[in-house]
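Residue numbers (the working numbering), protein chains in the order written: chain A, 1 to 330; chain B, 1 to 330; chain C, 1 to 330; chain D, 1 to 330; chain E, 1 to 330; chain F, 1 to 330.
There's no promise every hint is true.
Pairs involving identical chains hold if they fit within one copy or between any two copies, as the list cannot separate such chains.
Each computed BS3-like pair below joins lysine-lysine, with the alpha-carbon atoms no more than 27 Å apart [claimed, not checked]: (1) LYS234 to LYS330; (2) LYS330 to LYS260; (3) LYS330 to LYS2; (4) LYS286 to LYS36; (5) LYS310 to LYS27; (6) LYS27 to LYS298; (7) LYS46 to LYS260; (8) LYS46 to LYS286; (9) LYS133 to LYS330; (10) LYS296 to LYS234; (11) LYS296 to LYS260; (12) LYS133 to LYS46; (13) LYS102 to LYS88; (14) LYS64 to LYS260; (15) LYS36 to LYS330; (16) LYS298 to LYS46.
If you're looking for bench data, these hints aren't it; they were derived computationally from the structure.
6 protein chains.
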Amino acid sequence: MKDIYIADLAGFEEGRHFDGYFLLLMKQARSTKTNKPYLNLVLADKTGQLEGRVWDPGDARITKDVERGDVVKVRGSISRFDDRLQMKVEQMRRAAAGEFDKADMLPATAYDVEELWRELQGFVESFTEPNLKQLLTTLLGDPAIGQAYREAPAARQLHHAWLGGLLEHVVSLLRLAERVAPNYPILHRDLLLAGVILHDIGKVRELAWDVGFEYTIEGTLLGHIQMGIEMVEKTMDALPDFPPRLRTLVVHMILSHHGKLEFGSPKLPMIPEALVLNFVDDLDAKMQAIAGEFDKCKREGRAADELTGKVWALDQRQLLNTRAWLEGGK
Amino acid sequence: MKDIYIADLAGFEEGRHFDGYFLLLMKQARSTKTNKPYLNLVLADKTGQLEGRVWDPGDARITKDVERGDVVKVRGSISRFDDRLQMKVEQMRRAAAGEFDKADMLPATAYDVEELWRELQGFVESFTEPNLKQLLTTLLGDPAIGQAYREAPAARQLHHAWLGGLLEHVVSLLRLAERVAPNYPILHRDLLLAGVILHDIGKVRELAWDVGFEYTIEGTLLGHIQMGIEMVEKTMDALPDFPPRLRTLVVHMILSHHGKLEFGSPKLPMIPEALVLNFVDDLDAKMQAIAGEFDKCKREGRAADELTGKVWALDQRQLLNTRAWLEGGK
Amino acid sequence: MKDIYIADLAGFEEGRHFDGYFLLLMKQARSTKTNKPYLNLVLADKTGQLEGRVWDPGDARITKDVERGDVVKVRGSISRFDDRLQMKVEQMRRAAAGEFDKADMLPATAYDVEELWRELQGFVESFTEPNLKQLLTTLLGDPAIGQAYREAPAARQLHHAWLGGLLEHVVSLLRLAERVAPNYPILHRDLLLAGVILHDIGKVRELAWDVGFEYTIEGTLLGHIQMGIEMVEKTMDALPDFPPRLRTLVVHMILSHHGKLEFGSPKLPMIPEALVLNFVDDLDAKMQAIAGEFDKCKREGRAADELTGKVWALDQRQLLNTRAWLEGGK
Amino acid sequence: MKDIYIADLAGFEEGRHFDGYFLLLMKQARSTKTNKPYLNLVLADKTGQLEGRVWDPGDARITKDVERGDVVKVRGSISRFDDRLQMKVEQMRRAAAGEFDKADMLPATAYDVEELWRELQGFVESFTEPNLKQLLTTLLGDPAIGQAYREAPAARQLHHAWLGGLLEHVVSLLRLAERVAPNYPILHRDLLLAGVILHDIGKVRELAWDVGFEYTIEGTLLGHIQMGIEMVEKTMDALPDFPPRLRTLVVHMILSHHGKLEFGSPKLPMIPEALVLNFVDDLDAKMQAIAGEFDKCKREGRAADELTGKVWALDQRQLLNTRAWLEGGK
Amino acid sequence: MKDIYIADLAGFEEGRHFDGYFLLLMKQARSTKTNKPYLNLVLADKTGQLEGRVWDPGDARITKDVERGDVVKVRGSISRFDDRLQMKVEQMRRAAAGEFDKADMLPATAYDVEELWRELQGFVESFTEPNLKQLLTTLLGDPAIGQAYREAPAARQLHHAWLGGLLEHVVSLLRLAERVAPNYPILHRDLLLAGVILHDIGKVRELAWDVGFEYTIEGTLLGHIQMGIEMVEKTMDALPDFPPRLRTLVVHMILSHHGKLEFGSPKLPMIPEALVLNFVDDLDAKMQAIAGEFDKCKREGRAADELTGKVWALDQRQLLNTRAWLEGGK
Amino acid sequence: MKDIYIADLAGFEEGRHFDGYFLLLMKQARSTKTNKPYLNLVLADKTGQLEGRVWDPGDARITKDVERGDVVKVRGSISRFDDRLQMKVEQMRRAAAGEFDKADMLPATAYDVEELWRELQGFVESFTEPNLKQLLTTLLGDPAIGQAYREAPAARQLHHAWLGGLLEHVVSLLRLAERVAPNYPILHRDLLLAGVILHDIGKVRELAWDVGFEYTIEGTLLGHIQMGIEMVEKTMDALPDFPPRLRTLVVHMILSHHGKLEFGSPKLPMIPEALVLNFVDDLDAKMQAIAGEFDKCKREGRAADELTGKVWALDQRQLLNTRAWLEGGK
């Protein structure tokens with residue numbers, strides 16, 4: 001089983017040897033400035049990814065018989081080149097089926113997926129609007145969709161870019177929406193929560209996560225909003241007597257959840273539930289990005305009272321860890 | 001039958017009496033500054049609309065029994081108030097069914113709808129791609145959709161805002177696309193023409209044209225792009241073996257035809273046919289707006305070598321009638 | 001005491017007489033097209049404002065001795081001019097001090113101000129960070145500031161434009177922030193709540209609410225962000241040993257709460273508490289605007305399943321009342 | 001004569017030797033990290049350009065006597081450095097005049113320039129407006145201008161960046177405009193075609209194409225719109241009796257052809273011909289960019305059903321080759 | 001001679017009679033709500049313009065024989081309608097040539113035009129660069145251009161919209177540029193001043209000022225930048241040996257003086273003199289707008305310590321008169 | 001004392017040895033691609049900064065005992081790597097206090113600071129408004145502030161990024177403002193000059209210049225506008241009887257001096273002095289950037305008649321040196 005992870009390697013001194021199982025995301029033949037051929041690799045597991053180099057591709061201990069998507073067993077050591085960590089690979093072979101657990105090979109949520117799934121189902125159970133309840137029960141009860149919903153990342157990069165990320169993001173939003181809803185009596189709580197559960201469901205088709213996280217061509221041409229609406233419309237059409245006005249509102253929630261035309265929502269939120277959905281989605285994504293950034297600083301050993309670097313997901317602004325900075329000032 | 005039209009009234013001298021049939025678009029009780037009550041009306045027919053006033057609402061010759069949407073017979077005369085034309089209504093009653101032709105009551109295309117329809121069908125006949133041909137034959141062959149497609153305006157105001165406007169706009173685009181396609185060998189001609197025919201089909205649900213032209217609430221919440229995609233997807237799903245990749249491209253054509261996120265297309269055109277569709281749609285709309293503006297100047301008796309007013313549909317720019325101005329310079 | 005309110009007048013039939021006390025917001029001598037002089041007035045009370053006309057300014061029953069800002073007793077009747085309601089004033093005199101309650105003369109919160117104030121103080125009581133607690137206790141304990149905080153509107157127009165509006169808005173935000181905070185462990189709850197209480201405190205100087213709601217000249221030149229920071233900085237400077245880093249964060253919260261440079265915050269939120277403050281402030285303002293719009297529709301007797309007009313505070317979008325529309329569809 | 005082209009080298013295995021003639025676009029002395037001096041070169045011919053390295057600049061077989069702009073004979077081999085192709089140069093001397101054809105040294109249109117020129121002249125022949133016909137005959141009949149018009153690239157990079165590119169672009173536009181014009185009776189066909197021929201004529205002065213393609217300083221300060229207008233105005237002024245209004249319209253066509261102020265046209269198109277010119281120019285440029293991108297993918301051996309990379313000339317969007325993708329789905 | 005001016009009429013009590021000479025800018029037949037015909041006029045002189053009404057167009061004392069552009073003698077009185085001043089016209093006839101001075105009829109600079117002209121020529125005299133000196137001497141020495149330069153307004157509305165406004169604006173800029181130039185040794189003082197004198201010269205063709213101030217059609221299609229460049233290029237071409245690089249720089253100064261593409265300059269300023277020209281032009285226009293706004297407040301009798309209304313030429317901001325406000329605070 | 005400067009090193013041939021004193025801005029342990037450890041340094045003095053490499057970090061002649069911020073004595077030679085200059089460090093030790101002058105270690109103004117300071121004080125002396133004079137005398141008379149004002153750079157990079165840069169920038173602005181003020185009689189000269197002196201005073205806290213130039217965390221969170229206002233407000237509050245309206249105007253000058261919300265000024269300039277301050281500040285910064293760019297071209301030996309590279313501080317535009325280019329054309 002896997003006991004060395006990408007994230008551990010940053011702490012290794014240069015030259016220390018290790019064996020490990022990794023997913024091969026890229027393999028490319030190159031040559032140095034002085035014409036020496038070598039292999040350039042990208043190796044990944046659930047804790048991250050790292051470049052690797054095979055300096056002697058002809059070595060018999062390096063199998064030729066591997067491809068992008070294979071899990072490989074690697075023996076190598078760590079080197080640093082201009083401050084970037086690299087893996088120097090000395091032996092490499094394809095791993096056999098029983099040697100590894102696929103779940104270790106792609107970044108995955110730190111939470112228990114089944115628990116998150118039960119929490120989500122608990123929310124559905126609590127619905128009093130029967131049509132929305134039936135819609136969600138039917139849709140999430142579809143085995144293929146339910147399975148994909150539990151596996152899908154919420155994004156290719158940025159926030160929640162890991163297996164189970166979609167589910168983790170949705171459950172976090174459900175908790176937040178459940179807290180916000182009672183503050184505004186005009187809100188239709190079940191419609192809001194249904195919108196939370198359905199808003200990103202098209203991501204199970206927009207993204208592929210077999211080998212790394214990629215957009216499908218269909219996803220690039222249509223986007224998860226359109227794809228999600230299609231899935232939800234089909235389910236509503238299959239239900240006898242789903243109320244047509246409720247159908248329109250559910251589609252509107254998905255359609256408008258990015259909040260602005262230039263963010264890919266062709267309609268602005270025009271009902272209170274759609275407005276709140278857009279806010280909590282945006283807030284939660286940003287708070288996760290901030291928390292992730294602070295974690296990264298801690299991992300990288302920065303002083304508590306420094307600003308972070310410029311954060312892409314927050315318009316290139318720098319952030320400050322409130323508590324750590326206040327501590328540092330004492 | 002109708003022999004007096006709104007458009008004729010501009011030429012009448014003040015005070016001349018007339019009888020006519022008009023569609024009642026609005027009726028509202030008001031009172032003057034000196035507290036005299038009166039009725040404010042908006043009356044329409046296929047040539048335009050006009051405000052009307054009933055200065056003595058208690059007069060027995062004015063029926064109380066009419067509502068927005070009724071066709072009424074009116075006796076009145078023309079007056080001008082601060083340069084705006086108005087109808088002074090002296091008698092008004094609801095018209096009986098046989099007294100008028102409904103087609104006279106809303107603005108309608110100047111072309112023969114059946115001829116346009118045959119031209120459109122001729123284009124479909126000419127397709128060599130069998131799946132697209134079947135899709136269009138099925139969809140337009142649906143009696144309700146076919147009927148709505150022939151009636152719908154292309155917009156509430158702006159360009160082609162008249163009965164049959166959608167069909168007229170689409171046929172003009174088909175002619176243009178058929179001319180442009182051979183210039184670029186990479187274009188899939190049938191896919192381009194299918195995109196032209198389908199791009200605005202959602203307008204048959206986004207708009208209502210019973211009494212004036214209005215957006216439906218569903219249309220305001222979802223938009224014609226989303227509504228059109230739903231119609232087309234349902235038809236494709238009902239066809240056995242419609243190729244999935246072709247399905248994706250057809251949906252992408254509709255989805256991206258506004259050309260920019262801020263114009264309500266959540267995806268940019270990413271195939272050549274979608275790019276060309278966006279261009280010809282935009283060009284044709286602008287050329288119709290220009291031609292309409294020049295006609296309006298002529299009707300209003302402006303000198304040939306003046307600029308038009310600022311045109312809303314063309315970013316508030318003024319336009320100059322090339323030929324007329326060159327003529328004027330001789 | 002006052003028993004006729006502006007809001008009641010809309011329901012009166014034309015010509016019905018009434019007596020009432022109103023605040024005179026504007027008085028202007030004009031003449032009609034035919035050179036007849038008249039007075040144009042704007043009269044207000046806590047339920048709204050209305051134009052009034054004195055058609056015979058020379059009438060002895062119309063005192064000359066009133067000015068903007070006076071409360072007047074008026075006898076008059078209702079008329080409508082081109083659909084706009086007007087008051088026809090037949091008698092007018094200055095009201096004596098004991099005749100009216102000033103609280104009736106400007107729009108005011110529907111909530112009990114003292115109860116809101118106690119709720120706010122309860123939040124301050126609950127703080128565990130001693131410096132923030134002392135800061136708020138000191139600042140709100142200043143009699144002039146405490147009084148102004150309870151009276152000030154939150155805006156000149158738009159959201160919460162009524163006496164007590166600032167307090168009402170802040171308490172609503174406190175409740176929301178208290179709900180959101182536990183969802184994100186990185187949040188410093190007391191700093192967030194302190195930011196909520198202080199973010200708009202400059203409005204007690206930016207706005208004047210003696211006679212209607214107006215910006216002061218100082219408020220126009222400096223803005224409530226700058227004015228609020230000055231107030232808070234002075235208080236912190238007067239406290240012995242207020243920690244300098246905490247001081248910086250408090251100022252940053254106020255400075256950045258509009259969330260974007262183009263909205264008047266010269267710095268983006270750079271700590272999690274500032275980000276959340278910006279979100280809840282924006283969300284609450286929009287939800288209040290929506291609720292207000294739905295109330296207005298109800299008051300104006302619109303059908304439950306219509307869209308509202310275009311709402312200025314929500315980028316000119318139209319809104320739909322979810323529950324009412326769903327009801328209407330049954 | 002030249003038999004090895006830059007485009008061929010990508011297919012060579014590393015280390016294979018070749019001799020070839022290339023245009024020297026850049027020559028620079030550098031040294032490696034370990035202080036070894038070397039020469040960095042950019043070598044070009046009509047199929048592209050490539051970096052070269054001289055690792056032993058003191059070698060007697062490397063002439064010192066060459067400069068930017070010279071054609072050189074090179075003996076070398078191919079190497080790859082971090083995935084980028086490079087030429088390792090072992091011998092280099094200046095080529096003698098008779099050894100090469102200058103036309104091989106810069107990218108040039110794939111079409112027969114004389115045929116394109118005759119096609120353009122055929123369009124001019126077809127004009128019925130005598131003044132425009134004379135203007136074009138005179139201007140293009142000027143030997144210096146005619147020669148430059150046939151040679152000039154249409155841009156420094158982006159679309160049609162090759163010798164003859166201006167002419168190729170204009171002829172493609174003429175064909176398109178000739179197809180579009182009959183669809184809109186308000187169009188003055190000869191004015192539209194004259195605009196097509198003249199719109200980019202200033203590029204013969206804005207760009208220099210002796211050694212690579214560069215902007216002249218005058219071109220950078222004034223731009224091709226201004227420079228073209230000057231050329232055309234001078235020609236019109238030299239013609240007796242060129243109608244002043246027609247003169248204004250011709251200048252307006254050139255001035256406005258970029259369609260927006262932010263694209264460098266100080267006036268928006270205000271006549272129908274100018275509007276159509278802007279559309280066809282934009283459409284043709286984009287269609288050429290797409291076709292070029294698909295060719296590049298084919299050359300690079302990408303799978304038919306992949307998206308292209310992000311295309312700079314199309315707002316960084318990715319594109320999909322319709323036919324290839326549909327084929328791939330069968 | 002003229003002794004009653006438009007600006008005086010605001011101070012007249014209603015009903016007072018007067019006789020005066022005015023320029024007729026508009027004449028239009030209308031009728032009232034109750035069908036009474038009347039004439040609507042716009043009358044102007046150098047101090048402003050005013051609407052007029054002829055309530056009895058059939059009256060023999062009202063000549064039918066006048067048209068837009070005529071100077072008329074009017075007998076009438078002042079009335080106010082909804083706060084807008086109007087002239088009630090009782091008699092009107094065309095004025096004879098000797099009765100009035102045309103200079104009284106359009107707003108004109110308050111300065112002595114000949115003195116301004118001498119000051120401008122003094123600047124030209126001071127040039128040490130002989131080519132620029134000759135260019136300006138030749139161009140301004142052209143009688144038609146020199147005359148137009150002295151008469152032209154600098155704009156249709158906004159800043160310097162009066163006869164002589166162009167000259168007044170240019171002389172103010174020359175003084176400012178002469179002050180700024182010595183602060184920056186890299187500046188070519190004569191080139192900067194030449195740019196100041198030439199930057200708006202195209203306005204003599206873009207605008208017409210016979211009857212009110214209007215854009216010509218040519219001006220609307222081409223703009224004063226393009227028109228000015230054409231005038232200056234022709235003059236430079238007629239001078240033997242005008243240095244070509246200097247020619248390019250002069251054209252660049254005119255071309256870039258609006259400073260941004262979206263303001264109609266297709267090139268940004270790329271030499272220091274062009275940058276300074278853009279700054280002083282913008283600063284002077286804004287300072288004149290501010291001074292004009294303060295004058296207007298004074299004329300309208302506003303309190304010294306009020307903000308102005310929102311000023312269109314300054315992005316709708318309000319302004320405060322520093323000195324007056326400080327005075328008011330004492 | 002220091003006799004070798006960073007700026008001199010560019011002229012050294014490779015391999016020549018030198019000894020020098022430099023400020024250590026960065027020190028980082030790295031290793032090469034082949035795992036050889038080395039030290040990467042950044043060394044600076046008042047003429048610039050340069051990367052350095054220690055290829056043998058274990059060498060006894062390289063002290064381990066230095067940190068960021070130390071001044072070190074270095075023996076080394078020059079090398080070039082891919083066109084970038086580097087210092088090869090062979091010996092390095094911490095410099096003793098008496099060995100160097102700290103003023104040599106950071107870039108500093110080329111002017112005499114004490115002379116600039118006297119010139120600034122001369123401007124203050126010339127004030128006739130007593131309150132402003134006292135404000136400035138008090139504030140600049142504070143020893144800590146006066147010292148910091150003389151030392152502070154005006155920016156971290158861009159314009160005036162050197163010790164004394166703030167003072168140099170302010171004095172240049174004072175001269176310019178003193179020239180511009182008399183051209184506009186509405187200007188309050190002392191208020192304008194006070195604004196010039198105070199507008200950037202917050203930079204003494206926003207920036208730190210002990211070791212290189214950096215933003216402080218407080219500076220990043222609050223910005224120099226806010227920090228400057230706080231300093232000035234405290235000083236005004238400490239003066240008895242500083243007029244409140246003048247106080248508001250002074251704060252407004254600082255608050256609005258960036259001229260646009262998106263540049264970080266939450267209010268637009270609303271008094272003439274604030275408008276002029278924004279203009280002269282912007283103009284002076286741009287002219288310094290241009291002059292600096294031309295100097296750089298000269299230092300880099302570019303031909304006089306070339307365009308510069310794209311200049312970041314001027315919206316990426318290229319610039320042309322007017323005089324040099326005109327010379328080159330002769």
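Hints, verified against the model:
1. LYS234 to LYS330: between (60 Å within a copy, 22 Å between copies)
2. LYS330 to LYS260: neither (43 Å within a copy, 31 Å between copies)
3. LYS330 to LYS2: neither (43 Å within a copy, 41 Å between copies)
4. LYS286 to LYS36: Neither: 46 Å inside a copy, 41 Å across copies.
5. LYS310 to LYS27: For LYS310 and LYS27, the Cα distance is within 27 Å only across copies (22 Å; inside one copy 31 Å).
6. LYS27 to LYS298: Classified as between; 21 Å across copies, 32 Å inside a copy.
7. LYS46 to LYS260: Result: close neither inside a copy nor across copies, 34 Å intra and 36 Å inter.
8. LYS46 to LYS286: within (23 Å within a copy, 41 Å between copies)
9. LYS133 to LYS330: Answer is between: at 18 Å across copies they meet the 27 Å cutoff, but 52 Å inside does not.
10. LYS296 to LYS234: Cα proximity of LYS296 and LYS234: none, with 42 Å in one copy and 37 Å across.
11. LYS296 to LYS260: Only across copies: LYS296 and LYS260 sit 26 Å apart there, 30 Å inside one copy, limit 27 Å.
12. LYS133 to LYS46: neither (35 Å within a copy, 45 Å between copies)
13. LYS102 to LYS88: within (24 Å within a copy, 45 Å between copies)
14. LYS64 to LYS260: Neither: 50 Å inside a copy, 47 Å across copies.
15. LYS36 to LYS330: Result: close neither inside a copy nor across copies, 56 Å intra and 42 Å inter.
16. LYS298 to LYS46: Close inside one copy (19 Å), not across copies (35 Å); limit 27 Å.
When held up to the earlier numbered hints, the structure conflicts with 2, 3, 4, 7, 10, 12, 14, 15 and fits the remainder.
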